[in-house]
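**Student:** For reference, the chains in residue letters:
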Amino acid sequence: MTFQQLLLIHPSLKEVYSKMELQTSIGRKMLLDTEFSTSRAWIEQQWKQTEQAEAFIDSLDSQAFHHFLCIMSNICDIGGSLSLIEQGQTVDDVALFEIKTFCINAKQAGKLFVSDLMPVPDLQAAIRLLDPEGLESPRFYIYSAYSEELANKRRQWENAKQSGDEKAVHDLYLQTLELEDAIRERICKELYVHIPALKQAIRNISQMDIAVSKAMLNRQLGLNKAEITEKPSLVYNGMFHPVLKHIMLSKGMRYQDIDCNIDSEVFLITGANMAGKTVILKTLAINQLLLQFGFFVGCRSGHVCLVENVLCSIGDGQDEHEGLSSFASEIMRLNEILSQTKQDKRYLVLVDELARTTNPIEGKKLVEGFIRVCSMQKSLAVVTTHYSMLQAPCRHMRVRGFRHENLNPPIDIRQISDHIDYSLVEDDSSQVPTEAINLCRLLGVDKQWIEMSEMQV
Amino acid sequence: MPFIDKLLNYKSVSFVGMEKNAGKTQTLNYVLGRLRNFSDLKIAVSSIGIDGEQTDQVTKTAKPQIRIYPGTVFVTAEGLYPQREIVSCIEEVSKQTTALGRLITAEAVSEGKVLLAGPGNTVWLKEFTDKLEKRVDICLVDGALSRMSFGSPSITDAMILSTGAALSASLAKVVRQTKFIYDMTRLPAYSGKTAEILRTLDKGIYAIEEGKVTDLEIPSLLMIDKYRDRIFSRSNHVFVAGILNDRFMQYARTRKNAEDTIIIIKDFTRVFAKEENVRFFLERGGRIEVLDSANLIAITANPISPTGYNFDNEQMLNALREAIPADIYNIKSL
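Top line first, the protein sequences correspond to chains A and B. All residue numbers for the first sequence refer to my numbering, where the first residue is 43 and numbers rise by one. All residue numbers for the second sequence refer to my numbering, where the first residue is 59 and numbers rise by one.
If we strip away everything but chain B, and leave its shape as in the complex, we get:
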């Protein structure tokens, strides 16, 4: 059973797809199917936003539903609850509401298919997942679309990444993009004294010098051109509390002493810059460090694209494995 033992080391795991139809739901179904062999294990499965639709709303292709087993706790929206094909017992109804009504937490009484839903923002998801984690042994969170931010290590302990032909007809491009995300999950952890202070900051850019954190008073990264002289004025080590965008990375990679520069971010999901900007910066010797490291359990790859073209199984796996030193599996052969 590939990667199941590894997965059991964590309390919460998110399933993140690099693109729609990358095989994320199939991966989740595989995991749920395998975990049923652990009869003492209490499992909860939730989602971010709405997922598990019978037909993909964008490409109109058939989409596998989530199959769960007796005893599994699942989360869905009030509007989707009647669509389940399962006998289930309602245990909680949220006070907060999503576009499809309140969230229903229920326990499966029989085996069957369900449509999952979940909190629509990261703050609520974090609260919700923390609460679920208290009553179960492992909480699986199905990510929606390619909203990577919900796979943040601040929300779940570990992640499984799904990639495949849905990303591009070019295998080389699929490999490159997947490797980039993999590399981002491997960004080194920041071990400075100020880590705990930085964790409390939500916005702004800060200089870090000798254990001291100074607000550079740059109101927005969108206004970086106006404030670019201020960024590294005090120190080559800066903390970006929000997202790392292209303008910032362009400036960081072209400055004289890029090799002495350390940019600290909360976690890898904050990287919103283009691959080439990040790569050039790293190749010039710059460093990006994270407060929360990611735990990538495995990568699953789907050779079939919703638009009709397929990759050769072996070729796809070989190309990915050659570039990425992670556990990589073909979703079809799991």
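The shape of chain A in the complex, shown without the other chains:
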């Protein structure tokens, strides 16, 4: 799947994308068309390019960097015009102007950002062709310098205008147009030989744009490189959700990075409400996507394996338009996930509170069954649940949850993260935390409601 297709499925990826400051339409197009990669070599190549971009940014002061971004922002997409020229067609002055300015700007960008991985090819011959006056300024017309005949004809045209002979003016005007057409045709034919270099320049400028915006993103979101491992595991030290952490810190809120070590055994997470189980799943999803599109990821360090795809069931997913209830929608989605994991490839499967919308007795059985099926496949699976005493082969993990010290109810729901320890611990008890009513009390909800609830308990 391409980056663009996955943007529609994963809102977190869209949020990261919206923070990228791509300067060119060709860079944006290349990124959107990029396939989710399972090639270690490709990902590592992307990282090297990003590291070169980081070193490049470090080497400039802010004014020089701004100048570089301005040059990049003036680079337009000349792919369509090059295709026409390749087909033997003649393009108009606007297209030739764009090819010329592309060459000038690409040359300038390549001079500033010297990269052996994304070198801008020599475009001087193409520039000379579009710049007969040798001024190298970003402007274009069919210059009189192209042909003595055209220069003479234009002079005659100007003289005729002075004489007031309307017919002569019109005839000479048409003759200048014919000469301009012939020159345009000649330029396009001569440009043909430069098309491979121009196409290479489009690719490398696009890559340069992506690498620089990834490097800027690393600064903004604190992303780091994770090692790729062949072992079927996801090991993160100091893992965080890049966008969520950025938002919370910018609002002066606390964000806790966590460690996790997921292997081929199904990873079952329990924890109190609001303890961040869903965030863990979303973090694993966005980091895997970023990794396999050649980005750095949200962690201090990590050893992460590559997967075929990230398959998620997170959120309600109720599709009223298709007449499906929450339960039916979830079950159909999980069924689709299982059918994919049976293709003998390694996927990352992330399921949030499986079967929570049905009765607890059958819900628990459905969770156990799903875990058993998953444990027979190659995929890595992480499942969160509120069901206790599950009898299925998996690693039981628990979010530590509330720190009960210094808790004076009611507490502000916006400050709740200050009172939760989000770290994961092994938990063999198979018992889920029963903190929901306590949590309601802490949040200061209706006392009668709490009393009545406790009576029933």
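In short, the hints are calculated from the structure, not lab data. Any given hint could turn out to be false.
Pairs of lysine-lysine residues, derived as BS3-like cross-links and limited to a Cα-Cα distance of at most 27 Å, are as follows [to be verified]:
(1) B/Lys314 to B/Lys332
(2) A/Lys195 to B/Lys171
(3) A/Lys61 to B/Lys153
(4) A/Lys209 to B/Lys171
(5) A/Lys209 to B/Lys390
(6) A/Lys56 to B/Lys153
(7) B/Lys64 to B/Lys100
(8) A/Lys203 to B/Lys171
(9) B/Lys189 to A/Lys149
(10) A/Lys149 to B/Lys153
(11) A/Lys387 to A/Lys273
(12) A/Lys153 to B/Lys153
(13) B/Lys390 to A/Lys203
(14) A/Lys241 to B/Lys153
(15) B/Lys100 to A/Lys203
(16) B/Lys153 to A/Lys71
In this text, all values refer to a predicted model and were calculated from it rather than measured experimentally.
Given the structure of chain A, go ahead and fit chain B onto it with the hints provided.
**Tutor:** The following block gives chain B in isolation, referenced to the frame of chain A:
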């Protein structure tokens, strides 16, 4: 050279026609022809929407094209650029697109005729004009049809208004309508403390009391009947951020203390109410004040209508000059 010296005091000037064929393009051609005598002056000419067609699309009458001279920067659309009768050098292609393609900014290498185009909305026009102003000494903006909002003082520094027989076969009506627009350009400037706050507001109606601005929470002027009691509930001084329409003016002119009422608007192009509603309000002692005053350089009048009838030159000029104390010229004798 009538009004050219005055025009040179401004960085940007819009040419606004009260009706199609009122002589706006001829006025622009006159100005461009005169400005070529100032050899050091760098000029840019753009338009709002598409104008300068060889034949008027509505009345099918011959329409003068814009004639420009070497060194003048002009703006047109990608679809119209090949129709120029001039040698010109492309300097910029916009990223945004109009119905006729992207905007091309080019510099004339020879003298000749061009078809102008420009941004299709006021926000883009403002950005575009500001950018052009940085590279030239004076920027002339050709308004399209009678879209007065593009002559807003928030976009260009000054304006030239074109009127004439195209408006009506009745000279009295032409004079009355022209005088009304002239009067609107002369609306007094609001000098209150809250002017800078008001400038930042885009919609809604606000009460102004002792340097304080309060949102009256009236969602739309179209719903004025429902909220009419709320309008002047806090103060007789209100700011209308959007347009001033007939319903609002009808209510303002008929209320008891119209004479104490001050309505503040952004600029004169926000008046969308009928002349009589505005006049009655002003005659009862009410005031309309503007945040941005207009600078009307001159009025040009065209005695010829596209449908065939003509006014007598002298009679037209005399009638207009008698009613309007502005510089008024016959476009044919410029």
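**Student:** Hints first: check each against the structure and report whether it holds.
**Tutor:** Okay, the hints, checked on the actual structure:
1. B/Lys314 to B/Lys332: Roughly 21 Å between the alpha carbons, so the hint for B/Lys314 and B/Lys332 holds.
2. A/Lys195 to B/Lys171: It holds: about 18 Å lies between the C-alpha atoms, which stays within 27 Å.
3. A/Lys61 to B/Lys153: OK: A/Lys61 and B/Lys153 at ~21 Å, within 27 Å.
4. A/Lys209 to B/Lys171: This hinted pair holds, its Cα atoms lying about 16 Å apart.
5. A/Lys209 to B/Lys390: Within the cut-off at roughly 26 Å; holds.
6. A/Lys56 to B/Lys153: Judged against 27 Å, a Cα distance of about 23 Å means the pair holds.
7. B/Lys64 to B/Lys100: 17 Å, holds
8. A/Lys203 to B/Lys171: 12 Å, holds
9. B/Lys189 to A/Lys149: With Cα atoms ~25 Å apart, B/Lys189 and A/Lys149 stay inside 27 Å; holds.
10. A/Lys149 to B/Lys153: Answer holds: A/Lys149 to B/Lys153 is near 21 Å, not above 27 Å.
11. A/Lys387 to A/Lys273: Distance of about 14 Å is within 27 Å: holds.
12. A/Lys153 to B/Lys153: 25 Å, holds
13. B/Lys390 to A/Lys203: Roughly 23 Å separates the two Cα atoms, so the pair holds.
14. A/Lys241 to B/Lys153: 21 Å, holds
15. B/Lys100 to A/Lys203: 23 Å, holds
16. B/Lys153 to A/Lys71: The hint holds at about 15 Å.
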